[in-house]
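Using the hints provided, position chains B and C relative to the given structure of chain A.
Residue numbers (this note's numbering), protein chains in the order written: chain A, 4 to 432; chain B, 325 to 652; chain C, 15 to 616.
I should point out that these hints are in silico values taken from the structure, not numbers from a laboratory.
Every value quoted in this text rests on a predicted model; they were computed, and no experiment measured them.
It is possible that part of the hints are untrue.
Pairs of lysine-lysine, DSSO-like flavour, derived with a Cα cap of 27 Å [as the list claims (entries may be wrong)]: (1) C:K593 to C:K371; (2) A:K151 to A:K133; (3) A:K162 to C:K392; (4) C:K442 to A:K161; (5) A:K158 to C:K371; (6) C:K543 to C:K423; (7) A:K161 to C:K458; (8) A:K161 to C:K460; (9) A:K66 to A:K124; (10) B:K378 to C:K442; (11) C:K213 to B:K378; (12) C:K222 to C:K278.
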Amino acid sequence: MRFTYKIWHFLFLLWLIILVIRFELLINIYELIIRWDILLFNDSETAFAQLNFDLADNIVSGKLFIILPVLFFLLRKKLSFLKEKFSYASLFLTLLIISFLFAPLLTNGNPDFYKNIGMTKLLPPFTSIKVLHFKKDEANKGNSPLEKFFASRDKVIKKSFDESIIYIDSISVGEKAIYYQNGIGKETEKENLVFINGKPFITGQMFLFGSDQFGRDIFTRLIYGARISLLVGFGSVNISLLIGLIFGFLAGYIGGIFDAIFSRITDMFLSFPIIFLVVLILALFGNSLVAVIGILGFAGWMSLFKIVKTEVLSIKDKNYFISARLLGLTKSQLLTREVLPVIIVPVVVNVIFLFGNVIIAESALSYLGLGLGDNYPSWGSMIQSGQEYLSSAWWMIFFPGITLIFTLLSANSFGILLNRKLNPRLQND
Amino acid sequence: MKNRTAKLLVKRIISSIIILFLIITFIFFLVRLSPGDPSQKFISPSLSPNLAEKVRESLNLNEPVHMQYIGFLTSVIQGDLGVSYNFRRDVISVIMDYLPFTLLFTTMSFILQMIISFVLAVKSVKKINGFFDRTLSKLTLFLYAAPVFVTGVFIVFIFSELLNLFPSSGLKSYDFQDYNFLDKILDYLKHLILPIITLSLAEIAIFYRYLRDNLEDVFNKLFVLNLRANGVFERDILFKHVIPNAINPLITIAGIELGIMLGGTLIVEVVFGLPGMGRLTIDSILTRDYPLVIGCSLAAGTLIILANLIADILKASLDRRILEGILR
Amino acid sequence: MGIRCNLSLKSLYLYTIFLYTFISLFVFIKQNNKLMLKLLKNIHNILPVIIKKLYLIILFCSLLFTGGCEKESPNRQNRVIIGISSDISSFNPLFAFSVDEGTISELLYLSLINFTWDEEKGNINPGPMLAKSWEWSEDSSSITFYLRDDVYWSDGKKFNAEDIVFSFDIYSDPDVQSRLYETFSDFYTDEKNHIDIEKTFEVSDSFKVKIKFLPNSTPTLSETVFHLIPKHIFKDIERKNIATSEANFNPVTNGPFILAGWDKTQSIRLKANKNSFLYKPDCIDELIFKIVPDYSSRVTQLKKKEIDLVELIKTEDIKGLQNEEYLKITPQIGREYDYVGWSNIDHELYKSSGKIKPHKLFGSPAVRRALTYAINRKEILDEYLLGYGQLAVGPISAIFKDAVDPDLKYYEYDLGKAKSLLDTEGWKDIDNNGILEKGNLEFKFKLYIPSGNPRRSYAATVIKNNLKQIGIDVAIETIELGVLIDNMYEKNMDSWMIGWYVPIPLNLKFSWYSDLKKNPYNFASYQNKEADQILDEISIETNPGKLNELYKKFQKIIYEDEPVTFLYWVDNIVAYNRKIENIDINPLGAIHHCWEWTVKEQ
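This is chain A alone, in the form it adopts within the complex (with noise of 0.2 Å):
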């Protein structure tokens, strides 16, 4: 018997690997959740006053690397999506949304995290840069339980600084400890040195892809940066999806003068070459995160429109659907109850499409200086800096180009795939 990959195979591999290398900071995360929950109990308005974003995502992200798998498993019989075979398409899918979930697990450090940019720029990929280690300040060393939560909460959350930390060539140490950047030798005293063994304490940073002309490490940003990608994907999707669908509805439902109007709006739209309005809008008005994902969502909703609008027409008249209205339905509930059902296939499969020129959107307005700028890292922002260092750091576009790529794939393949297995007509074949 052929030994078929089913997509649970996939998952619980990648779930070994993640608590195999991480192992450290898992249990770091534990111990700060454990903590944060004391101070919960015992001083809670102190407690909420340290969540932040990053607190957040921490724990949450922690939780859910326990939660998720026994979920899946007391649930094995309901999800059969699990036991589906294993393709290339659903390998990316799985893959973004494990780095949207488990970003702080899968990378460790801080996406905007940089230092000494004269020895870490621009490196190639898999270059590793030896770190040399200072003794921290350790006074607050208290022990009450903010303070332990504090302690706790530095070990786990990356800053986006180090002080305690510089990258070097090499070193020598007599007198005092010389060491070396890029040829030019700096002193400093042995005391300020951690030493192990009478050697000072070295690590090794490796740079997965390599890094960026700030000496960032491109691997974390790619992984967090498929989150704000996604956002965006989702984010304007979903409002294409809210204005289609309530502008189709009504247009169809009421007709007349609505559909009338409604009509010549998205023919207008449509006639107008969306590029510019998008464009226009995100020069007047700045390029925050809100804005790219409201103008994005905003230039998609009319194909949605003609869609549901369609459908709605056409089921208009029969039977079940007047008999649905007799019986008192709102208008809401006609909308959830006898149209959804209908349209679900080619609006989700419209919706997919969607989703994929969304992000090829994102990355082109940044081409054009308009996107989210440097400000998130997001894959389109990532190309748009990678850019001037075309001909000396070609894997500043290559890895989020090559990911753009395979995500618009993997989102079109899934689209095929989902309309090959729910679009009736097709399934004659």
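Only chains B and C this time, still in chain A's reference frame:
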């Protein structure tokens, strides 16, 4: 029949005019109500601080928006689109400088795309799921996924830098006016090949996929089986029966895509430095050249509507049922 | 005319033909494995197939042919091609608002005086141009110019004093809204700052003109220098229609170059004016400004020798360009600096009530100095600008050698000093959340930067990280340049980053004068009475020695107060083909005096 087509045309023209009107109103208010204005070019330490204010006055920008709108409408109805702030010439003549190029460029690219995707799709469908079909499917998916600016830069790199075959930007060489007629055409061609290829690649991917899926759909229909059973030549089935049936959705898509392309193939123009409508519109937006922005939107909108109209007429003449549908 | 083909083309030809036949054969064989042997015997069956495909081969080859070969033009030798990023809107110097328009106006229209840059003094030296000589009156209230009599406009008419009077008239006319609108403060004018011709000019001779200035004003030579336009062309055009007149597009000029042709959006072609007194036979014949909007295309064309000179080269391209031995890279230094502006006053309060109170975060000079200590400017300079720039101490660039105070050293990157300064000002992180606070106020703000400028985006990222280390939370907002400038005027922002292009000769008043109503260019709203006094003294002082002393005093005050954080002076890197000789890249401009360039024989 003639009555009906006439009715169709009239109905369409009226709704088109309404759409254009909505477009310019929307754009008019949008640009004026957003931050920034045309006088920002006149703000600089080497200029007097009052210059910007004087310019604003002379352009009537200090009046309330609805008054400006009324003034604008009255001049539009008389056919005057105003004077471009940047170019200091009237909007129509500025657009006429850029429009012919865009029209030429998009049409050439469009024809090329149609031919190539048609040939490729027919070839694939002859041997469905064969080697050719499968490779082409994967390749087109890849081309579709890769953004235009990536392929553009890549193509320039290979053909212009490495092989030094084609110029990397611009439309004419310096001694253009010294060339005779034939050389002028060759010169244009030389400058346009790379941009056309770049533009076409993504669209070929789209058209090819669409056409191929459609052809496959039609091939699977019963009437084809019927024709085969009757011993009709494969070639005739393809050209006389399948293609005419599959062509309708393609015409719709082609119309939409053509319209979009005519609106301005922005990125290609930027990469290759071509004097087209896309760049003109973007530049006018960024410099807040209000009359020109409206002029460009109007031009783009008109072209898109025209393209869609032509597509619809073509379809309607091919298929009576659609004609009925549109009229209803 | 000869035809020149790339040598590699022929080999490419053969290569592609072979490739194509190979591919066809391969596909053919794959499809018809069994028949292969059979067909080899029946070769005449294969021929039709090949012939059918022949037209494709021909098409393909013809495309290559058109691409690879080009006409050779005979007169390419004495020609220089400069790459610029955008087209100009008109040739009229009245409306030369952009840098390129200014450059081209200078080549087409002459002014009275020609300035050259004095490297030693760090200042400009006037020399004759349209004026053979000039003399100030005893009390400096008027100046007399003696004009050349051998200058002709391109339509044949002679240039004379009438053109000068007319130019002053039209430049100051408020209906024209020229580049020099309302800048004639030292002249006799009406209430709209339109020059009063009767009172100002005395034309006794076609080639002699006396200009009388406003009494008790301090006129300088530079105020009389701008590009003069021909009276006989423009006098009959209605003033408010000048901006759109045809004369702007087919200009009548008297400069060292005349307009040979303008391909809109493609190129501007100038050729040497043989009738000009500036003409020298061995200097360049043709100057072409090629419009290439995309920066990387410009660099590529520079490498392919399609363009001879490009300015504003980005630092990461320098290495690649230095490898080409026919290119020379020279920086033009000290004209532009980047800075981070801090709103010195509470701008919200000022907008609503007009009251001036220090800003809650940036009001104190100690805090501003701390911020400067905390930003690692050297790292940005070394890593992004690759050393092509200088760290900035104040608003006076190092090129003004006599005015710069050599004792002032720039603030080094020192987190310790920054932290202690902030601590003494009362900013502490009591709740240990990583952000400093003072009472109820957290040290958090938004930094606005203009879009489309990678250098400033880079600096912003570094600044954000640097300030985070000392407990200051900065959010970077990228907005369009026009919108940013709007906001600067309306004082809507806490902090912003932008550049400043300094004029020559030095003029500080408009950026630092406290009175915000009189001086809208004081974006940071810097308030200092002592500085105001010095600025006032500067504007009336004429003795260069005393002037430099005042400048030095002024710089010391700015150094202590640090109203904005001066980042660095950015070099304008110019790359050009070595075939251009006699070119001088100085602070006045790279294309300055290009009529003196010569082209080396190749």
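Tested hints:
no.	hint	in the structure
1	C:K593 to C:K371	violated, 59 Å
2	A:K151 to A:K133	violated, 31 Å
3	A:K162 to C:K392	holds, 23 Å
4	C:K442 to A:K161	holds, 22 Å
5	A:K158 to C:K371	violated, 43 Å
6	C:K543 to C:K423	holds, 24 Å
7	A:K161 to C:K458	holds, 20 Å
8	A:K161 to C:K460	holds, 23 Å
9	A:K66 to A:K124	violated, 35 Å
10	B:K378 to C:K442	violated, 49 Å
11	C:K213 to B:K378	holds, 26 Å
12	C:K222 to C:K278	violated, 39 Å
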